[in-house]
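We have chain G; now place chains W and Y onto it with these hints.
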Amino acid sequence: MANRVSSLMANMPIPARQFVVFAIMGLMLAFAAVMLFSSDEPDPEGGPPTVRRLTEEQYRNAIADIFGPETEITGRFERPFRSHGLVAVGTGAAGISPFAVEQYEVSARGIAASVLSKKRRAAFLDCGPKNETEFDAACAQKFLGETGRLLFRRPLSQDELSGFVGLSRSATGQLGSFYAGLELGLYSMLIAPDFLFRIERVAAGNDGAIVELDAYSKAERLSFFLTNAPPDAELLDAAASGSLDGSWGVSRQVSRLMDSERYPEAVRSFFADMLEFDDFGETSKDPQIYPAFNSVVAGEAQEQTLKTIEDHLLENRGDYRDLFTLRDTFLTRSLGVIYKTPIPKREGWQAVRFQPDANRAGIQSHVAFLALHSHPGRSSPTLRGYAMRKIFLCQEVPDPPASVNFTAIEEHVDKANVTARDRLDIHSTEPSCAGCHKVMDPIGFALEAYDGAGSHRTHENGSLIDLSGDLDGQAFASTNDLAEALRNHPETPRCLAQRMYTSAVGRDITWKERYYLDWLIEGFADDDYQVPSLMERIATSDNFFAVVRPMDQPARRVAKNNAANGDGQ
Amino acid sequence: MAHKTASSRLWLSAIAIAAGGMAAWWWWPDDRISAESGGLIRDGNASFIVTKFAYALGPDAVGTDSCPNGPSKNVAEIFSETANGKRRAGETDEAYGERIEAGGRAISNAPDGRNFCVNPEIAPLDPNTQIMLDPKAQAGGIDLDGKNSRSKSDLTSGRLDFAAADGTTGVDNQFWRAVGCNRSYQQDGPSRGFEEGMYVGEWGILISLSGVDDLENDSDVDITISANADPMMLSPSREALDYGTYSRDREPRFRGQTSGRIENGVLVSEPVDVRFHYVVNGMYLERPLREARIRARLSADGVMDGYLAGYTDVVELYDFQFGYRTGKDAEGKPSDEARRVGSANGAARVLGHTCQGMWQSLHKLADGHPDKSGKFTSISTQYKFEARPAFVVEQSGKNAKQTK
Amino acid sequence: MKSLTRRTILRGAVGGAAVGVSLPFLDYMLDNNGQALAATGQRIPTRFGTWIWGCGFIPEKWIPSATGSNFALPADLEPLAPYKDKMAILSGFDVELDGVANKPHITGCLGMRTGIPVPDTNVKAPTLDVLISQIIGGETRFRSLEISSCGLENSYSYFSAGSPNPSETSPAELYKRIFGAGFVDPNSGTFEPDVEVMTRKSVLSAVSEDRQRLMREVGAADKHRLDEYFTSIRQIEQQLELQLQPPAPVENFSRPDAPDSQGAGSEIGDVLKTHRLMAGLLARALQSNQTRVFNMLFSDTTSNLRLPGETTTHHTLTHEEPDDRQLGYQKQHSQFVTQSMLGWRDFLDALSAIPEGDGTLLDNCLVLAHSDCSIAKSHAVEGIPVMIAGNAGGKVRTGFHMAGGGDPISRVGLTVQQVMGVPVERWGHLSMETNRTINELLT
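Residue numbers (this note's numbering), protein chains in the order written: chain G, 1 to 569; chain W, 1001 to 1404; chain Y, 2001 to 2443.
Just so you know, the hints here were simulated from the structure itself, not pulled from any lab data.
Some hints could be false.
Unchecked claim - DEER-style ranges, computed between Cβ atoms: (1) D1166(W) / G462(G): 29 to 37 Å; (2) S2065(Y) / D1301(W): 31 to 39 Å; (3) G1193(W) / K118(G): 51 to 59 Å; (4) E1196(W) / Q2326(Y): 42 to 50 Å; (5) D518(G) / N2435(Y): 49 to 57 Å; (6) T71(G) / E1251(W): 30 to 38 Å.
The C-beta atom is built at its ideal place from N, Cα and C for all residues, glycine as well.
Just chain G, same shape as in the assembly:
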């Protein structure tokens, strides 16, 4: 073969020969470039399939999508459980307290009563018995089958459906009303574990082998990742038709979901989760020290950061790393008080660009971050430093040792004009503290330019505040320097990619998945650190749907073959 090629070449005229050589060299170069710049996805590794609790937002979105946003949810929600930095990961490990179930029950009752109330039922039912006291089996079957498919995010099996219909039938008998009976059928679905938990199911395969999720579990992962809501009818149809088994079908759904109105909400809720905004529920400030800070301002502060993130990452397709240097944001008049910034716009949000010398660069300089990671009556370089390490860089800082010698600190407190740095300098001289505080405090010092509510300041207790510090070898002396250092830290984009993936799959990353993570980060860089591209890459990757069924877990029955009310209705 080689000989034949070389003899063919030998017989060519010189210019033609040159052309072929150049052409081949060109192709090889192009191939090398492709190899270099877009390496292939590593083979899927897979983790365990998960059983995840719906978050409060997901629960609310599900009810709003299925029964309309006006459907009131009367129960309360317990504080979410956070694991590996994310509530999204916590959902795969969180238990469920009696309080939570009690409240789900309250909500289920309220929702079922509202949906089947005289006023609203016509919107959900196009059938019904002539005599209200009689049970209309066909109608019940239709309503419960269709609603059940949306609530359980998969078709009901024949057995399941006849179970719910049977419940409604006997309840109709007991209560003397078809609608009251149906209401109880719906109630039982709303309290069922199949609604409250996302129970992932696995396509057939051997124990310990790498397999794929079944189509409905794929649909679930896709929709909760990209819309923070359950699959809509179209996505369920796609699962039923088998189109999620091919990459083309998945890509099509991914683009559709990322074009939907829910997509920006999903991005916002990811960042709200990563930024630990759920902790605001327990954050309060001393009103005498920070009179401008109240629960309304706390809510607006979170919205400011999320709005800024949405605007930068989605509207402007900006570089994720620039979130740490960005000086464009949005403020309300109430926030303007804390930012000491005039806000011409009376109602709603004023787009604001802080001047370079205004000490407001990056989301770490926003009131939400600064106030959340402070004490009720003062700032804390330690809390802020710890939060930056943990949240933005995915670094772990150990708990403080229990036996600490505090004498040095105590001696310091009595002195006049102390700043936080004076208090904390002790930490770096006391050996048992130094290890961790040297990691946390120096990056927190730059944020001492803001008090515990996030207002800018230059002095503390009458002394000029020294903002100098250091982030892993990058020294800084101003809030702007810190912003640059955070932006350019190699862990910054890596941490985001890791958080995004673990949030999507609801568990920590496995050891074997590290090559996949490298691949994601490489792609993230190629895409100029655009977050939508990262999300698309995750959602369309083979790793995203790969699972390894643990040895102790039997194969799950795939509901599809046993579907009661037909696929793709």
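Same frame as chain G, now just chains W and Y:
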């Protein structure tokens, strides 16, 4: 007194609107505003929102030699001292009380039924309204006319200047003479302060300085005193917050522009006509002040503390303070007549004066803006205020509250 | 943990699922003369609860100098003089770490409550209130009530790692939960079972029956989580069951007024106010048999209490405040401890304000009050202060001070479980494992 002509006022208004428009254009682009850091002075501007506002009055006069005939009386008290108003034998408390109220109401009207609060000019002289003629009485404030009027004829006319506790002499504060013997204007009376309305967003006052280099000493600053079009921003314990953003009222008559100077931390302004909003019992009123001037101390952290003083047109003062005849509803239409008449009579009864009595005192004690016949038409009025740092912007669109 | 395994709990849940809808209420006789307890011959139930305050104590102001029943109350316990006979003061009991890293304010608290010190909040066994509620919590509407007066949802009550029981932080919400919809006034006199409730209960039974199917489909760890879910469903069935039975009339009970307070953060004055409201509601809930188990968090273990206008919290003070030279201890920290003991007295006031049988509600309770550490600035888990209040219906002896002499604190946990009827003879791990009941506490 330097009287500004109507045309110069118009001219100033035009400038104000133009300046406002420019500022609005600068502040109100479709896109982002530019924000800088800094303290109170930014680009030579420093603004304040008034957080305390009350009549500057003297120490309590009722019960002292300053009010030798006792306090002014309301109609019920006046009636109860007539022969008919005496308690009859066997009359229960309740019955007597009702009869006194009815008698009081009867003497609030002319024989033809016209109410004296609405038509104070037709009422006979009310001998039960006391004015405070005591030359020893004190009051704080500003010397408005540059004269210390303390002559014998001043004593007879009642136009007698005060000396203040801080050593200021020649203080023109005739309003205090008019109300000094009314119970409700004593220290703990309800009429001295009226700033609650400010804290619930009914009205407010903004002060802006521009061209400021130094809050300690600056020989030339521009000053705008205007009505606030936005509700005050408050802490959870209902205290005014510093550095809130507020919009000026868009109507030129609710803003006065003048100049001034800062000397050793004291701001002194040139006189300018200003006008503020005021709300009583759901009735929208206006509180004007002619030739208003500020003398206030500026602290390092931007708190202004001092006097705002000038002359109030007697008829307008009567209307926003006592008679409410010009009260308007939220749509700018005259308030329901029953509400206006009821409020004026009710206030007089509760606060311890008569409408006609106050009308007469104000006219008698007026000391400013003589008309062609030489009759004074305005009365010197002093307010004590505190103002704190704020941002003031121009507003496109409507005022937050209806103020017509 | 030998006598009570998770399997037994599961069996309970399965058994529960099979309970039918036939209701034993028709043969029930209502008492109509108001002498509920005596006349109906009902036994007064015993209740169990925990009460916790954060950041320990000042030993010299708290530990009585004498042991036994003849002792003087030191300064911080002085306000509790009215309850001297109703309390046992336990000092000098240790959480034994066995090399486990001491997570400040967590390890001590959870070590005491689970018998196993952990370096984080991932408990290795249920907390003892959960174990007790599995024995005595079944016949009431709520297996247990968790309440916090300092604005934080923590309760330090865990079913398992990842399953903390959240605390109610708002008096108004707490009221709604107990005395709102679903509450049946035991003294209303008329009773008619609600058909809707009956139907709903049968529906829930069906949900429980679905358990087997799901259990087949999930892995071991998730099975455990779903168990929690089904156990809770079972609790709701129980609540409904109770609504279907005429409640036993309760002597001296009247439904309390609804508070409008939503709780007010962490300022000490506000916390004391919120706490008094909540203690009052809880006492009524216990009296009317809505629950027999509770966990009350007065202040978080990392105490967030503060004085108005102060930049420091109680916890930060324990680390920053120098010892007062005259007094020899941290003065401001000490003031917070003093306030906490006043809160504890308020709590006992609320329980003893309710007459019950021949005595008060407090006599029929066992309240385990404790902190997370002894000396807060060193996070010491040795000598964590403990108080037992109430006599558990005569089963517990009080009115003495006992010095533990460095015994494992699990002895306390073991004893209260045994008193409350948990069949356990040995509890805790490694150095904390003990079978030594504190006999002094037994009558």
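Checked hints:
1. Taken as a hint, the range 29 to 37 Å holds for the pair D1166(W) and G462(G), whose Cβ atoms sit roughly 31 Å apart.
2. In this structure the hint that S2065(Y) and D1301(W) lie 31 to 39 Å apart at CB is violated, the actual value being about 53 Å.
3. As the Cβ distance of G1193(W) to K118(G) is approximately 56 Å, the hint placing it in 51 to 59 Å holds.
4. Between E1196(W) and Q2326(Y), the C-beta spacing of about 48 Å keeps the proposed range 42 to 50 Å intact.
5. At roughly 54 Å, the beta carbons of D518(G) and N2435(Y) sit within the given window of 49 to 57 Å.
6. At about 47 Å, the beta-carbon gap between T71(G) and E1251(W) misses the expected band of 30 to 38 Å.
Checked against the numbered hints listed earlier, the structure breaks hints 2 and 6; every other hint is satisfied.
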